[in-house]
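Chemist: Take the two lone chains and join them into the complex the hints point to.
If you're matching them up, the sequences are chains A and B in order.
Those letters in the first sequence? Residues 1 to 189, per UniProt numbering, in order.
Those letters in the second sequence? Residues 1 to 969, per UniProt numbering, in order.
None of these hints come from the bench; they were simulated from the model.
From the three backbone atoms N, C-alpha and C, an ideal C-beta is built for every residue, glycine too.
Misleading hints may appear alongside valid ones.
As the list claims (entries may be wrong) - Dumping the calculated SDA-like pairs for lysine to any residue here, alpha-carbon to alpha-carbon at most 20 Å:
hint: 1; chain 1: B; residue 1: Lys239; chain 2: B; residue 2: Asn217
hint: 2; chain 1: B; residue 1: Lys687; chain 2: A; residue 2: Met187
hint: 3; chain 1: B; residue 1: Lys689; chain 2: A; residue 2: Pro176
hint: 4; chain 1: B; residue 1: Lys710; chain 2: A; residue 2: Ala172
hint: 5; chain 1: B; residue 1: Lys851; chain 2: B; residue 2: Ser866
hint: 6; chain 1: B; residue 1: Lys547; chain 2: A; residue 2: Gly186
hint: 7; chain 1: B; residue 1: Lys710; chain 2: A; residue 2: Gln178
hint: 8; chain 1: B; residue 1: Lys689; chain 2: A; residue 2: Glu175
hint: 9; chain 1: B; residue 1: Lys689; chain 2: A; residue 2: Gly186
As the list claims (entries may be wrong) - Here chain A is said to cover these stretches of chain B; the calculated rule only asks that three of the stretch's residues, wherever they fall, bring their Cβ under 8 Å from a Cβ of chain A:
hint: 10; region: 235-241
hint: 11; region: 296-305
hint: 12; region: 700-710
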Amino acid sequence: MASPGGQGAGALSTRGGSAARRMKWALELSLGNTRSRSERQGGQGDVIYPIGYSEKPVPDTSIQETDKNLVEKRCWDVALGPLKQIPMNLFIMYMSGNTISIFPIMMVCMMAWRPIQALMSMSATFKLLESSSQQWLQGLVYLIGNLLGSALAIYKCQSMGLLPTHSSDWLAFIEPPQRMEIMGGGMVL
Amino acid sequence: QAKAPAAMAKLILLCLNFIILSNTVEAVFEDQVGKFDWRQQYVGKVRFSHFDTHLQSSKKVLLATEKNVFAALNTRTGELFWRHVDRTGPEGNIDALLLHGQDAVLVIGNGRLLRSWEINVGGLNWEIVLDSGSFQSACLVGYQGTVKHVAVLKKASISLHYLSNGHQKWVENLPESETVDYQAVYSGGNGDVYALGVVPHSHITVVSYNVEDGEINKQMSVEAPWLSNIQASCAVIAKEMLACVDSSTASLYMLDLHVQSQMTQIPLQSLGLEVDPGFQPALVSTQPNPARPPLSEFFLQLGPEQHLLLQLNNGQIVVLRDFKPAILVSFATTGEKTVVAVMSPKNKTACSVNLFSAESGRRLLDTTLIFNMDPNGGKPEKLYVQTFLKKDDSVGYRVMVQTEDQTLTLIQQPGRVMWTREEALSDVVTMEMVDLPLTGTQAELEGEFGKKADGLMSMVLKRLSSQLILLQAWISHLWKLFYDARKPRSLVKNDVTIENLSRDEFNLQKMMIMVTASGKLFGIDSKTGSILWKHYLDNIPSNAAFKLMVQRTTAHFPHPPQCTLLIKDKDTGLATLHVFNPIFGKKSHITPPTLPQPILQSLILPLMDQDYAKVLLLIDDQYKVSAFPSTKNVLQQLQEMASSIFFYLVDSSQGRLCGYRLRTDLSTELIWEVIIPTEVQRIVSVKGKRPNEHVHSQGRVMGDRSVLYKYLNPNLLAVVTESTDLHQERSFIGILLIDGVTGRIFHEAVQRKARGPVHVVHSENWVVYEYWSTKSRRNEFSVIELYEGMELYNSSVFSSLDRPHAPQVLQQSYIFPSSISTMEATLTEKGITSRHLLIGLPSGGILSLPKMFLDPRRPEIVSEQSREENLIPYSPELLIRTEWFINYNQTVSRVRGIYTAPSGLESTCLVVAYGLDIYQTRVYPSKQFDVLKDDYDYMLISSVLFALFFATMISKRLAEVKLLNRAWR
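Same shape as in the complex, but just chain B (with noise of 0.2 Å):
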């Protein structure tokens, strides 16, 4: 019998190697494809919009964001047609996007590159690097009716390109641009382009351009000391008429841009109207056609929800109606008609949206919208408007809102939804992965166990009710089986809602909450990917610090599951939780406590109250400790802990790092102190390991057949450091591993004529770190990994403060052929299965490269006993096999995190990559050992059983016949 286990393990081992020498394949196979996976694309918050008109029937809208992306969404299904993402940061910042036919223009990287793309497929029609300079304004010029030109005005030149080619027609410097601002392009068709440009509360410039050869027509100053701004206050209107309104004198000012002259006041009083105190009034005009001047009438916002029709007739204001209340406004042009659209609120859960003709200010027969805010949602933000002539010429339209956070929204009349889409999840924060809860059957049996007996009689009765719901649920489902069994395959859906929620066989749906930048919380099921649920959180600050954990699982049936948004304000440093369901989003009942001080860390522990919530400490900038939920279990079981309770922090900015002990009183003590000079090095990143990572194994096997034990040290910190020199020849980064208990260092490596960013690894007995030698121009991934020796010190307790043997180190350094965007290693349930780390790099693949090759164990010369142990023999290069890619061709753009949770089978780890897209799918990185393959063959198999059973009663009976037969003879 004790051969068992050894034989066991050769058998093992022989399976290992035949799994090494069978060529480890990853890749999913055709038929596999989008069965685990899913991946969804966004484009992020969009800044312009443009409908595509120049056909009747097209169905594009065309969306310029602030993540720098370019794309074509499809109005009646909301998906993308086609999509261009540019760089990120101010590089490849979209400043303007104009529309003409078929050709979209933008100018990039504040005025840095023009290019034209082809709305139909989105393909590039030109592009070329402008003059430098800082971008101001670019329109489009037209000039006897047609549309041949785009100007670009940057801050001291103006230049005008052909829209065929992109080709330059002439620049000209703009004249006194040292002083004067020039903010704003504008042509009205007639053969001029005029740059208007401003000196702050001196005067106006206009300087006039002729389209052809780029000469200064007219060139003019006009006093107006009350302007500041043109593109906030002002609008061309008409012809050649610049308006602009001022809050301060409460006046309009028109300004012909044909004659020398002074600016027309015209005190809003006359008009009978009143600027909101304190509100910046502004104008919206309209220039249908970039051949033909502007139209006459024009919006003034007066209000947050004041909004008025003007119209200039004949050099006179007239007031052509007042909207009131109007939260946002938007001109549509179809053919030659132009109306208004307007949005205004109806009552707490909705907004109406009307036309008006602009000529006239008539509401338009039967144009009502409806337009219902979600109540987890924000506010509409944004509105644009798709107007088309129906067959009777009469107006149809489409809107498309966009929301405080971030949410598109296409409504269709008379308030159909015909799609959103959750652009906040272009930008996911953090994010964690829930079980889901039991079924409501299996919670029922569970209750009936949970809650106290009374009597025999009771119990009986509640066994046989629970038993029956049971029946009943099982009838349902082969109910369901039968009746979907008739429909055709493609019609059978099954639809996540979050009533029908519940946890499946092996554990491997989940809940992901994810938290964006925006305030928005998620919570979307893994399996199909559907937005379950979603809150905002509206007053989050700009730059805030969230950390996301969860307080209780859904393992505690009758309480429910509970998670805790902790929301930093980076300026005040004041911080507030949000606590709330992860499985129905849903605000929790329990009050969080107010926090008055600004917070420094946050720490769950194992500890749990008589409730089964972790109990969450919140050390403030006085390095005391409060801890929620705080009641007198709690407290009292932190008094009986406190000695054992440590935690760190790390100051990146004073590069410092302090260890603390917990005292009685929930103030701190401190232990340790490390300094790490700020003037030479600064602090990027610390890892520690993740609280839920099991490790099966506590050594490895040598050649030899002796044991090799792992240090697995669960108070270790890997701190990773880059020099404050970023000279190619001085700079280095350096890596630290350090307890944070004890503050000792064991284990110090600095990498010279290195470079970050480091990205960085922390798992089990070892560190992967990956970074750009500046000496030889390439990635490089190193590994360290620590061992205790061949003998365990003490194998039943790990105490950090008990450890006298520092730990054997080994480290080895591999080339990699790509740089990374961001890495994370494979988590299983028990810890069985093999390590593989999980690579997103910036071409959109995720890269699963097995541990196996960054093994500091790996020998130069192959030995007997490096062949025994598997060890591959070390060659500097790392390769990347395209079987290797766990996403196929599904590129995720710009990953910004790898997150991954165990699921309830050991081979298998659920994986989620965010970024701008968001893509889910499963890894087994030691193969599916624990199921049957999808293509098993039952079928055969049990065909197969059954003939063997048949053939074996027939020849038996034959057998006995023959028998008796011969006993007869």
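Just chain A, same shape as in the assembly (with noise of 0.2 Å):
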């Protein structure tokens, strides 16, 4: 600011090495985008690849039979998630005990609508399992596992007191009942 006319030079000068580098618009015909621009930048030279081809090596898709196995353990890990849930969720339920508080109710909440929301989106798992061939064993043995899940989350619902399984839930839907006679009287005046 002080010495306007000597730096505006300057910056007249760098403004003008940047555009050199940075062009008003710019085609490349290269699959690349900025960063393989910068790449480029970074070193690599201005060679260019032809189309199609990608720098990382594409991996061998072809089934082998090894990897057979492995679905199946993939998908009995899938099948069996929700029971090997259940030591953790029989922990956490004895921890939080059956006093109604935020943090009970909210683990409640959670152990409730974990099962429930697998069950909803039952359909999308066994797409996942479709591959296996134990198919509707793991299924089954998933499904189970979540009605376990439920089942708990309901009993410590019930434990808790939160299920109307009681007749005192209901008093409150007890209308009055209706009187049959009319009375009145009192004190002779």
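Modeler: Encoded structure:
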């Protein structure tokens, strides 16, 4: 600001330099994007790959016999997932106790919600298991696991007293009985 | 979804837990004082009244009343300066009020006490106990120009006391007090005190005592065979002249107390006068200064409307002026001038008061004062005059008029009413609260739907017009708001008049209808306490019983609301009905039936006639029933319903409880009868449930989450008996729970070594009563609760005739640290809110005691289940916490009744306590769960909301910009 003249000329020159690097518009016929451009600027030179060429090696996707076991294993993992959670849930249940406060309620909500969510997205899970040979068995195990999980949640609700299973829970809905007789009177005035 | 109610219940329990733990605070905050509540203080019917005259500028008038109250009123505003409430009954009865300077001397309790009050601040100067003996008369005694003593005349003795400290100067026995009936005491300031006695129809006895030592100076008896009562027909005038008037001989008699002589007879005919036939003539004299003899002028009343001003001039009686017609006359003195004020009827609605000079009987100029009589009030009964000297030495005055309906009115010249006090309200007998009507516009809208449709076009027009009216009302409301906002806050007053009365949003403002013992009815706005209408029913017998019933509420718009007051003369048993509109106080055009037979009880049925008036049944002494209104429609309905209409009658004098059933021909049949032998115990009170009570919850949740169902029998009666033997070892009280339809006795409890008065509240499934335990010398509360068990017999209908199982009865008792005056339970719209007991204490406090503390299920040993149920462990003492007083420092003297009414808000119950004072407030037994608090910070909340909203907007915009920038990079 103090000497606009001299520095202005310098700025102009740098602007000119940057203008030389950053063009107003440019067309690149390669697949590269800005990143590849910066890589290029990083010193890889001006090597232009032909269209369709990728630097990374493409994995071999042909099915091999040994992978079959892996898929089975993976599918069993998915199917047994809910069952594996049950001991964990039992522990949480035991720890959170039967008092009604915000944390146990949150726990119970989560415990109840997760199996329900899983049951709702059953079809998606089946699609996952499609590749397995024991698809139906795995599906059944998965279902049972989730049902057990929700049963556990219901049991927890029950032990916390959140289920309307007692007559007292329906007390508020009892209408006052209708009066059959009209009665009045009092002390002789 | 099914989980929701249970979770809700748990959450509510949690909240309850929290409430209990966080110390239930009932008291109001400082800034809430007077916001929902008001108090009016009364004194009762005036017996004696004196204007404070020792200072020219004094603003006091002293009143001693029949309610045993001694008070000073501000003559400018009518407000109380101070008030002293003595005991009720003859023990606190004020026999005499003498005013001297700054001291007021009262004789109390038929001559039991002599008290002197300092009238400026109302402090007690001294009090002494007088010797026993029935009080006759008292007067101030002056000697040598100063007044230093007061003389008290009793049946057999006369005593003289110093005014300064009340010490007795001397006491003397009256001679021949067995035969002579001493009735008056008099002193003329010359050192003699005269006791005047009479042997009826024989002679007068005059005994003169020396002021200094009580020596008998003189004693004489004069023949007076015509005289029976000195106070009624005699007066002392001038210098020791006793003047008497007798109607049978139509003469005045004069007796000089100085000289032993005969009475001189002056026939009234010689004065050209005549006594009204059947009228007992009377004399009124005045003694402005007790140290000087009375004036020689006096009044002679010859008829109800004829008064004469007479003068004793050199032993001759001169008629100064004949006032006819004149209803009331009064002497008044200021400085050296004595005037007489005469009230004479002007026309039907007004009276005029004039001043006359006492010496000459001439009318004073410019002293006319007009007293407009209230058309809904009574006739003037007493006249009290306050005179003062104006700057030009002429006499100015104010009058205080007491009318038959116990209204006090202070009037200034030329007829400006300074204030009125409705002292009838000191004796409220019964009351009701009625909802206010909808506003005119609301009613207009209602009317639109009420009327029959007559074509599309007219309906549209009608709708448009009513919308226009609504718009107009809204604009005027806005304009009023705007207009008021400019005025300073203190000036904005919402004057409630009968025209702009309307129901508020939450139905918190209601009309209080109060029936007083004098027969005056009042309509009072419950929000402000202002009297909106009053109506005096004349010729009400003195011992009448009243029963007020609401026949039609304001809910049936085109039909006006209707209340019926049953007035029964206890002597003859005959009753009359007064039917009126509770909002305007006007007598209804419906003519009530004449009741030739004595009436025993009345019963209001939930049946309605075609005009939506509830049917009132009246039971006469032949046990026949008459209906009001008795249209064909009603009679038909009654015939259909007859087999399910029952009533019970309790005759305390015979110890009889009987139940009757209505027959179709409106006669009755006795279906049950219980006799309680009157030699052993007598029935004190019978309490049923209030018909407008709602019970929301049909049972109680136990700790194991099962339900204990309440026994909610709407026909249950609680009968309280007290033993006739009052010996403290043998006295007892009994309580009997009996079904009013079948006469079945469910429970009977006897509290030995206990005494009344028993206060009892019966509601829901519980009965609470309070009594005095003579064994432990303390007040005790006892609570009975009835439960049906763990299963309901029939949950849809309740019939007393079909309930085979007797209820389970639980009972518990507690010690209460104070005696109580009255008790009532709170009442809310739906019965969801927990209940409190409102207890009026003799100290003037009104205590709101949670029913939770009076619960027979309170365990002695705390268990997990009882803790789950939130039961408080049993402790025998009930504490009085100061924050439970709902009337903080607004003491309500002599509470006789508490009335509770539900409001439109479930949390709120309206309370009126009445006795000598009237106090109105609101209570929130479970706190205000349905309203935002008074101090709710709308500003903070809304500003936070707005700030958050703008912050969201700004940050959204910023985020967008940032994203865009990143996209460009």
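Chemist: Each hint needs a verdict: does it hold in this structure or not?
Modeler: Against the structure, the hints come out as follows:
{"no.": "1", "hint": "Lys239(B) with Asn217(B)", "verdict": "holds, 17 Å"}
{"no.": "2", "hint": "Lys687(B) with Met187(A)", "verdict": "holds, 9 Å"}
{"no.": "3", "hint": "Lys689(B) with Pro176(A)", "verdict": "holds, 15 Å"}
{"no.": "4", "hint": "Lys710(B) with Ala172(A)", "verdict": "holds, 13 Å"}
{"no.": "5", "hint": "Lys851(B) with Ser866(B)", "verdict": "holds, 17 Å"}
{"no.": "6", "hint": "Lys547(B) with Gly186(A)", "verdict": "holds, 11 Å"}
{"no.": "7", "hint": "Lys710(B) with Gln178(A)", "verdict": "holds, 15 Å"}
{"no.": "8", "hint": "Lys689(B) with Glu175(A)", "verdict": "holds, 19 Å"}
{"no.": "9", "hint": "Lys689(B) with Gly186(A)", "verdict": "holds, 11 Å"}
{"no.": "10", "hint": "235-241", "verdict": "violated (count 0)"}
{"no.": "11", "hint": "296-305", "verdict": "violated (count 0)"}
{"no.": "12", "hint": "700-710", "verdict": "holds (count 5)"}
When held up to the earlier numbered hints, the structure conflicts with 10 and 11 and fits the remainder.
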